[in-house]
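A.B. asks: Under the numbering used here, the residues of the sequence shown are numbered 1 to 264, in order.
Treat the hints as calculated values from the structure; they're not laboratory data.
Remember, predicted model here, so these are calculated numbers, not experimental data.
Treat the hints with caution; some may be incorrect.
[Claimed, not checked] Here are the simulated distance ranges between beta carbons: (1) 239 <-> 49: 46 to 54 Å; (2) 10 <-> 196: 19 to 27 Å; (3) 250 <-> 95: 19 to 27 Å; (4) 253 <-> 172: 49 to 57 Å; (5) 27 <-> 198: 16 to 24 Å; (6) 16 <-> 57: 28 to 36 Å; (7) 49 <-> 249: 47 to 55 Å; (8) 172 <-> 198: 19 to 27 Å.
In this text, a Cβ means the ideal position worked out from N, Cα and C, and glycines have one as well.
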Amino acid sequence: MLAYRRIAAASFRQYSTYRMATAAGVFTNTIFGFIRASIMLAAIGTAGGELNGYDALQAATYVWLGQALLAPIEVFGTRELALRIRQGDVAIDLLRPVDLLGQLYAAKLGRSAYLLLARGIPPMLIGAVVTGIALPPDPLSHLLGAVAVMLAITVAFLADAMVNLAAFWLVENRGLTTVYTAVMNLLSGFLIPIVWFPDWLLAIARATPFPSMVQTPIDALSGRVAPLDALPLIGVQVVWVVVLGGASVLMLRAGVRSLEVQGG
């Protein structure tokens with residue numbers, strides 16, 4: 001455990017050195033947030049001030065919480081592991097005395113902690129000043145929201161890891177990554193709340209792990225879902241952590257066997 005804590009701390013320090021990139025990220029997230037907020041508020045205004053349970057203030061809250069989670073969850077995915085697999089550097093990673101997925105997850109937690117503090121919260125505060133946001137007064141909602149965010153980061157990490165691990169068998173996985181990113185952004189609720197979907201698409205979304213990455217933590221943090229109602233959603237997140245975690249381990253083992261057969 002000490003090794004993983006040190007990896008997480010090192011990852012936090014590493015990303016804290018990129019101050020200009022952080023400032024640029026805050027600016028970009030804020031501008032993108034204003035664009036998303038204007039579109040959603042226009043849609044709600046056209047619908048008469050309320051759309052599927054969202055009024056203007058709730059929609060603004062949804063947007064700015066989503067912007068706060070954008071960087072730490074890394075909704076656009078990562079490419080580092082796939083690149084290391086293609087270049088063969090993963091063989092060195094596998095020789096280290098720590099589990100490959102474990103070290104990647106520890107680095108993810110350190111990176112996400114910094115990105116939440118430095119690139120997630122500032123745009124949310126700016127949005128709160130400009131459009132306003134509504135957060136629940138119940139401390140239990142904040143506690144469950146924090147748990148949901150942690151699980152969302154974990155679910156997103158495991159799903160992204162599986163996409164990267166496909167590089168063991170694919171010569172080029174950029175197409176797979178592009179499709180995954182597009183589907184994830186839609187079905188997770190990042191673009192719009194999934195309750196705005198038609199029934200058939202909503203059913204598809206709920207059958208995937210994607211809402212657990214964005215929709216669930218936002219619902220828990222915003223208080224739109226009461227604490228007792230948030231517990232089953234968090235339970236779904238836990239189920240996806242177990243399922244995707246097991247699938248990731250099996251993919252890694254199969255990939256290592258493939259690498260050994262090829263003489264790696």
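A.B. asks: Now look at each hint and say whether the structure bears it out.
C.D. replies: Here is what the structure says about each hint:
1. 239 <-> 49: 46 to 54 Å: Cβ of residue 239 to Cβ of residue 49: about 37 Å, so the range 46 to 54 Å is violated.
2. 10 <-> 196: 19 to 27 Å: With a Cβ separation near 41 Å, residue 10 and residue 196 fall outside 19 to 27 Å, so the hint is violated.
3. 250 <-> 95: 19 to 27 Å: Holds, at about 21 Å.
4. 253 <-> 172: 49 to 57 Å: violated, 23 Å
5. 27 <-> 198: 16 to 24 Å: Check failed, 35 Å falls outside 16 to 24 Å.
6. 16 <-> 57: 28 to 36 Å: Because 33 Å falls inside the window, the suggested range holds.
7. 49 <-> 249: 47 to 55 Å: holds, 49 Å
8. 172 <-> 198: 19 to 27 Å: violated, 34 Å
Checked against the numbered hints above, the structure violates hints 1, 2, 4, 5, 8; every other hint is satisfied.
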